[in-house]
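Chemist: Position 127, counted from 1, in the sequence shown is what the numbering used here calls 192; the numbers after and before it change by one each time, with no gaps.
Heads up, a few of these hints could be off.
Said to hold, decoys possible - Derived pair list, reagent style DMTMM-like, types lysine to aspartate or glutamate, alpha-carbon separation capped at 20 angstroms:
1) 94 x 120
2) 94 x 104
3) 94 x 191
What the hints assert, rightly or not - Derived Cβ-Cβ restraints for the label pairs, each shown as a range:
4) 98 x 74: 28 to 38 angstroms
5) 104 x 72: 29 to 39 angstroms
6) 177 x 149: 38 to 48 angstroms
7) 160 x 196: 43 to 53 angstroms
8) 128 x 185: 26 to 36 angstroms
9) 170 x 135: 31 to 41 angstroms
Read the hints as simulated data drawn from the structure, not as lab findings. We put the beta carbon where it would ideally sit given N, CA and C, even for glycine.
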Amino acid sequence: MTAMRDIRRIQMLLVVIGLAAASYLSYLKITDAPAVCVEAGAFDCNVVLNSRYSELAGIPIAYLGLAVYAIIGGLLLLETRLDFLRENASLLIFGIGLFAWLFSMWLVYVQVGLLQALCPWCLTHELNFTILIGTIVYRVYRSL
């Protein structure tokens with residue numbers, strides 16, 4: 066049980082890191098401020114953040130990332146307090162996380178293949194979420 070508690074702590078840390086990155090990206094969308102970003106070679110945040118791929122149905126991707134991290138964080142916080150979540154939180158988090166991770170991987174493809182520009186802030190989120198989904202898969206596997 067200690068290992069699972071440690072995994073939850075790691076997941077909460079990853080959620081906090083993700084919330085920070087998504088909050089910054091959301092701030093940039095709200096204010097139209099240029100990103101603090103290395104602009105050398107393939108790195109150019111503003112190309113990525115202002116592309117047509119930065120929104121989905123008119124909603125900035127950064128807001129969606131913020132929402133996903135908040136939902137996963139909320140589920141992690143509540144899973145020990147509510148009977149329904151004690152039994153189902155791992156699968157709910159897995160479903161949400163898997164969908165979000167697949168979407169994130171598509172966004173990496175967009176940066177590399179279509180825009181040919183990389184955003185370190187976006188890549189931070191995508192790496193962070195890849196580690197998070199790894200911990201989620203581990204928890205689901207351990208609970209089987």
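Chemist: I want to verify a distance hint. Is the separation of the beta carbons of residue 98 and residue 74 within 28 to 38 angstroms?
Modeler: Given a distance of about 33 angstroms, which is inside 28 to 38 angstroms, the answer is holds.
Chemist: The hint says 26 to 36 angstroms between residue 128 and residue 185; measuring C-beta to C-beta, is that right?
Modeler: 20 angstroms, violated
Chemist: Regarding residue 170 and residue 135, is the given constraint of 31 to 41 angstroms on their beta-carbon distance met?
Modeler: 21 angstroms, violated
Chemist: Given a hint of 29 to 39 angstroms, does the C-beta separation of residue 104 and residue 72 actually sit inside it?
Modeler: 37 angstroms, holds
Chemist: Quickly compare the C-alpha distance for residue 94 and residue 104 to 20 angstroms and report which way the hint goes.
Modeler: The given pair, whose Cα atoms are some 19 angstroms apart, holds under the 20 angstroms limit.
Chemist: For the hint 43 to 53 angstroms, verify it against the beta carbon of residue 160 and that of residue 196.
Modeler: 18 angstroms, violated
Chemist: Can you let me know if the beta-carbon spacing of residue 177 and residue 149 is within 38 to 48 angstroms?
Modeler: 40 angstroms, holds
Chemist: Would the hint linking residue 94 and residue 191 be met if the CA-CA limit is 20 angstroms?
Modeler: 18 angstroms, holds
Chemist: Hinted pair, alpha-carbon criterion (20 angstroms max): residue 94, residue 120. Please report holds or violated.
Modeler: 10 angstroms, holds
Taken one by one, the earlier hints fail for this structure at numbers 7, 8, 9, listed in ascending order.
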